[in-house]
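Given chain A, work out where chain B should sit, using these hints.
Number of protein chains: 2
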Amino acid sequence: MVKAYAPSHITGFFEIVEDSDPAYMGSRGCGMALSSGCETEVVLGKKDLFLINGEEADALTTAYVVERLANEPVEISSSYNVPVGGGFGASGSGALSSAYALNALFSLGMSLEELGKVAHLAEVENRTGLGDVIAQMHGGIVIRREPGAPGIGVVDDIPTGDIEVGYVVLGSLSTKVILEDPRMIREINAHGRAALKELLKVPTLNNFMGLSKRFAIDTGLISEKARDAVEAVEEGGGLASMAMLGDVVFAVGNFEPLSDFGEVGVSSISCGGARLL
Amino acid sequence: MVKAYAPSHITGFFEIVEDSDPAYMGSRGCGMALSSGCETEVVLGKKDLFLINGEEADALTTAYVVERLANEPVEISSSYNVPVGGGFGASGSGALSSAYALNALFSLGMSLEELGKVAHLAEVENRTGLGDVIAQMHGGIVIRREPGAPGIGVVDDIPTGDIEVGYVVLGSLSTKVILEDPRMIREINAHGRAALKELLKVPTLNNFMGLSKRFAIDTGLISEKARDAVEAVEEGGGLASMAMLGDVVFAVGNFEPLSDFGEVGVSSISCGGARLL
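As given, the protein sequences belong to chains A and B, one line each in that order.
First residue of the first sequence: 0, per numbering that gives the first Met the number 0; consecutive thereafter.
First residue of the second sequence: 0, per numbering that gives the first Met the number 0; consecutive thereafter.
These aren't lab readings, by the way, just hints derived from the structure by calculation.
One or more hints might be untrue.
Label pairs and their in silico Cβ distance ranges [unchecked claim]:
(1) B/Asn70 with A/Val265: 29 to 39 Å
(2) A/Val176 with B/Glu17: 52 to 62 Å
(3) A/Glu66 with B/Leu50: 32 to 42 Å
(4) A/Ala56 with B/Ser19: 32 to 42 Å
(5) A/Asn80 with B/Leu59: 20 to 30 Å
(6) B/Pro21 with A/Lys196: 24 to 34 Å
(7) B/Gly236 with A/Val176: 29 to 39 Å
Even for Gly, the Cβ is constructed at its ideal location relative to N, Cα and C.
For reference, chain A alone in the conformation it holds in the complex (with noise of 0.2 Å):
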């Protein structure tokens, strides 16, 4: 049995980065690997079977990784400690926890770049992210400034200390829908374009944070209730936007107030990426 971890990941902003080879897909943006994420528990089985906090579940993106890189049956059991289905790469943590995990019981003798292009392979193929696991190999605040599979995407870091990062989960929001509509493509890509442009100019916590509400409002994506929550906090000093793909609300500072919108997560940034345990 092996065990591995990848953190969880939040996008304040994105832009989306199509290509026809999966690899140099992906998206452009800034967003918080948080340590709060997946761990994932790799046995050989009698056939493949996956399970979500303990739950038997199809595990799409995790099972086109195992799909290359398990020479036998496996059990993969992904165990979250953030909530699992939009805003938190729930998809790209698992598959990255898995791969790394894969790589170690059958020896594959693989890199860490290797494991997360094949990680990346997967979300990008299964349609279920586009930048969140170079961002989670990384750990940090990360700023994808290419596109693309660990090797082939660029990142930088926003310099940060031990901070804790607040979110409370107001309702669910339909990626699929989101993503299929041109003209909110076409509106996430310039506003998403624009707010890099303005991060690297000055790379910091406030400002990701301050770029990331103009983009959940200047998109549109923000609901009304979020856009309550995020004033809330602000209102009380700290500063919050919403979680790219998610009706979630994030902060940092004082973000009591998100209490009142319900239970309110709490996670430190997670330094450096995912790992074997």
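Below, chain B without anything else, positioned relative to chain A:
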């Protein structure tokens, strides 16, 4: 007052890559970033002052960083929990942690890559190091595939779990004398290039350790005492080699036999790289 941390870095094998542009100059090779490293405190002062483990020192590499990043005189105090002076990349961790701290103290709004680049230039221009900084920014067991400053050099990682590294300092070694001998440089480069090519085929911890040992022996850099220490570890079932460039032996697995050769230091592999504290 601000504080920052950088891991130390033990190189197993390397190839020197000269370039007239110091951002492109550096080394290829592989080494381990250790969580035992350098903590640097920076405060405003009356004049620039450098302390290493509490004692005033010249700290030329860090002084280069201060000259480029500090708007006012500063007192910089670096405390190491590894030996300073050969084998642990102490000048790199001092310069890098200083750059991170100065960015915070003066609200410079620079990215980690921009700060890492200043520390890399400081190392290369002072001839105190050739590839420690990019590895110390990254953390883990770092393969330096292409030389140069962060953003220019290309790195990958060997997958690793929570393992401990033991080390013992046997004596001192003059880096300067070694690196001014053209015949020695040719040896280092030929064997370093071959070791990297081998490692990239199967990038595992065991291969890294074996190739490092072969490099240390084939280049003639290993001292007789260091060779005895490596053999003692191997007889006990562990793996060991020499830290480049210092008369230091490092080991994984059972490193207990090192205690016959001196006081044994122990560190985990650094998960994640340098950061603000």
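Quick rundown of the hints versus the structure:
1. Between B/Asn70 and A/Val265 the beta carbon distance is about 35 Å. The supplied range of 29 to 39 Å therefore holds.
2. Range check, A/Val176 to B/Glu17: Cβ separation about 56 Å, and the 52 to 62 Å hint holds.
3. The hinted window of 32 to 42 Å between A/Glu66 and B/Leu50 is violated, with their beta carbons roughly 56 Å apart.
4. Separation of A/Ala56 from B/Ser19 is about 56 Å and departs from the stated range, judged on CB atoms against 32 to 42 Å.
5. A beta carbon spacing of about 46 Å between A/Asn80 and B/Leu59 contradicts the range 20 to 30 Å that was offered as a hint.
6. The given range of 24 to 34 Å is respected by B/Pro21 and A/Lys196, whose C-beta atoms sit roughly 29 Å from each other.
7. Between B/Gly236 and A/Val176 the C-beta distance comes to about 58 Å, which lies outside the given range of 29 to 39 Å.
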